[in-house]
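Number of protein chains: 4
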Amino acid sequence: MSYTHEHTLRVRYAETDQMGVVYYGNYFIYFEIGRVEFCRAVGLHYEQMEKQTECFLTVAEAGCRYRRPLTYDTRFRVRTTLETFRKTFLSFRYEVLPSEGGTRLARGWTKHIVTGPDGLPRRIPEPYAGLLKGAV
Amino acid sequence: MSYTHEHTLRVRYAETDQMGVVYYGNYFIYFEIGRVEFCRAVGLHYEQMEKQTECFLTVAEAGCRYRRPLTYDTRFRVRTTLETFRKTFLSFRYEVLPSEGGTRLARGWTKHIVTGPDGLPRRIPEPYAGLLKGAV
Amino acid sequence: MSYTHEHTLRVRYAETDQMGVVYYGNYFIYFEIGRVEFCRAVGLHYEQMEKQTECFLTVAEAGCRYRRPLTYDTRFRVRTTLETFRKTFLSFRYEVLPSEGGTRLARGWTKHIVTGPDGLPRRIPEPYAGLLKGAV
Amino acid sequence: MSYTHEHTLRVRYAETDQMGVVYYGNYFIYFEIGRVEFCRAVGLHYEQMEKQTECFLTVAEAGCRYRRPLTYDTRFRVRTTLETFRKTFLSFRYEVLPSEGGTRLARGWTKHIVTGPDGLPRRIPEPYAGLLKGAV
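Listed in order, the protein sequences are those of chains A, B, C and D. In terms of the working numbering, the first sequence opens at residue 602 and continues consecutively. In terms of the working numbering, the second sequence opens at residue 602 and continues consecutively. In terms of the working numbering, the third sequence opens at residue 602 and continues consecutively. In terms of the working numbering, the fourth sequence opens at residue 602 and continues consecutively.
The hints are simulated quantities; they were obtained by calculation from the structure and are not laboratory data. Watch out, some of these pointers could steer you wrong.
[Claimed, not checked] Below 20 Å or equal to it, Euclidean Cα-Cα: the simulated DMTMM-like pairs (lysine to aspartate or glutamate) are: (1) A:LYS712 / A:GLU696; (2) C:LYS734 / C:GLU607; (3) D:LYS734 / D:GLU638; (4) B:LYS652 / D:ASP674; (5) B:LYS712 / A:GLU662; (6) B:LYS652 / C:ASP719; (7) C:LYS652 / B:ASP719; (8) A:LYS652 / A:GLU638.
[What the hints assert, rightly or not] Sample of chain C residues with no beta-carbon within 12 Å of chain B, all distances over it, derived: (9) LEU610; (10) GLY644; (11) GLU696; (12) GLY702; (13) THR704; (14) ARG705; (15) LEU706; (16) LYS712; (17) PRO718; (18) PRO726; (19) GLU727; (20) PRO728; (21) ALA736.
C-beta: ideal position from N, C-alpha, C; glycine also.
Let's have the full structure, built from the sequences with the hints guiding it.
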């Protein structure tokens with residue numbers, strides 16, 4: 602069974618727009634945080650991996666389906682799952698949920714190519730690969 | 602044949618991240634600008650419509666496929682097309698292209714529900730509906 | 602003695618720029634969070650006040666002195682103090698500090714006019730005024 | 602007489618907040634654009650300078666006084682002046698003005714230390730120094 606990580610956030614004023622709700626592009630910041638915290642929870646420090654191995658999870662695709670708006674100062678959860686892990690490819694799934702209760706507010710996905718600083722595909726080196734493999 | 606609008610932008614420093622390229626979430630800002638300029642070009646001032654009719658193009662889905670990175674200070678075009686226009690539903694397509702040449706850097710889409718300030722679906726009133734209908 | 606509130610944050614990838622550090626404009630988002638959490642800590646829920654009294658803390662001036670850069674994924678504290686509280690005017694001071702240790706990374710300030718939705722100055726109503734007055 | 606550069610921008614939806622006006626932190630993005638366009642206008646391509654000389658204009662201080670709000674879709678000008686230019690120090694002044702007319706909406710300033718990638722102060726090399734010196 603795949604590992605699921607939940608991270609709680611609070612909507613910042615800067616993240617709202619004049620409709621009074623979170624701007625649609627900002628959900629991708631929430632997904633990034635969900636992803637990084639997922640990795641941290643399984644023992645992979647993304648910042649460290651980037652620095653030590655010069656290995657990047659370059660985003661190849663990202664998407665979001667919005668169901669109910671998020672308003673200023675609301676606490677909410679980002680639930681992150683690693684859906685696929687192959688040699689040079691990863692995909693994550695995200696759900697945006699209220700801080701309590703299960704009504705989904707939004708759900709999203711990101712697909713990543715593992716690259717070096719030159720942008721060319723490469724494999725994630727150990728021990729990082731093993732940590733992610735165990736979390737799918 | 603559907604109308605296509607092109608809008609030229611330049612990458613801001615604030616839009617880059619420490620990978621030295623535009624942060625993936627910021628493409629959705631570019632799509633929003635493409636969408637608004639598309640509407641303006643067909644005679645629909647989005648700001649005016651929001652104010653006068655209290656009609657919003659609420660984003661229901663958004664996505665992007667990233668192909669080549671965009672770097673700081675680069676001039677690029679967002680090419681916007683209105684793909685679908687129904688009573689309470691619209692969808693747009695976007696292509697991110699270099700300022701010159703046809704190599705696509707990214708492409709995206711947004712789907713919108715037309716809503717009132719209460720969040721409930723409603724039709725876009727005239728003359729706005731007619732302007733969009735003519736541009737599909 | 603004035604009340605001081607500390608709130609711990611972590612640098613997001615989206616907040617960095619291609620210099621590999623937090624973009625200078627994003628410190629003002631941190632100050633906003635420090636301010637809101639300061640208010641919450643003294644019992645004033647800013648969102649609630651905005652909604653119930655239609656009273657806004659409109660920013661009249663903001664500034665920041667940057668001393669040492671903040672890098673991705675770093676945990677840090679924003680230390681907030683309410684420096685001045687007058688009938689229609691408030692000012693806050695902020696210090697950005699490492700999560701541990703006292704070396705200041707940046708310090709900032711904001712000055713606010715209390716306004717109604719029309720932008721005209723007005724007094725903060727009770728009980729909000731009392732909560733802030735007690736925290737200067 | 603010092604050189605003054607004006608750059609016209611339009612408020613993006615993403616830049617507004619739930620008060621219906623531009624978020625206060627986003628003015629610093631406008632100042633950055635004003636600064637970069639000022640430099641471009643005097644022949645200094647900032648991106649090129651960063652890459653070729655590894656010389657950065659690190660922000661040491663930034664501030665803004667807000668007078669009238671900027672609303673969505675409004676066209677406005679950023680008027681930029683290089684106030685001071687010394688060996689390792691520069692300061693800029695900014696005015697935010699309507700696209701037409703002279704009523705100032707905001708004004709700001711930034712102070713910069715010229716640094717290498719190590720963060721240590723250094724001089725701007727020629728021909729960049731000469732271009733800026735001529736524009737004070």
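In terms of Cβ atoms, is chain B entirely out of 12 Å range of C:PRO718?
The claim stands: C:PRO718 keeps its Cβ more than 12 Å from every Cβ of chain B (closest is about 15 Å).
Agreement of A:LYS712 and A:GLU696 with the hint, judged by alpha carbon distance not exceeding 20 Å
holds, 15 Å
20 Å limit on alpha-carbon distance, applied to hinted pair B:LYS652 and C:ASP719:
Measuring from Cα to Cα gives roughly 16 Å; hence the hint holds.
Classify the label on C:GLY644 as holds or violated, using whether its beta-carbon is more than 12 Å from each beta-carbon of chain B.
holds, 31 Å
Find the nearest Cβ of chain B to the Cβ of C:LYS712 and say whether that gap is larger than 12 Å.
Holds, since 24 Å exceeds 12 Å.
Cβ separation check - C:ARG705 to all of chain B, threshold 12 Å
Its Cβ never comes within 12 Å of chain B, the nearest being 23 Å, so this holds.
20 Å Cα cutoff - pair B:LYS652, D:ASP674
holds, 12 Å
Is the nearest Cβ of chain B still more than 12 Å from the Cβ of C:PRO726?
Its Cβ never comes within 12 Å of chain B, the nearest being 26 Å, so this holds.
Straight-line Cα separation of D:LYS734 and D:GLU638 no greater than 20 Å?
holds, 16 Å
Confirm or reject: C:LEU610 is not an interface residue toward chain B, with every Cβ-Cβ distance exceeding 12 Å.
Check passes; 17 Å lies beyond 12 Å.
Non-interface claim for C:THR704, where every Cβ of chain B lies beyond 12 Å:
holds, 22 Å
Straight-line Cα separation of C:LYS734 and C:GLU607 no greater than 20 Å?
holds, 19 Å
The structure shown violates none of the earlier numbered hints.
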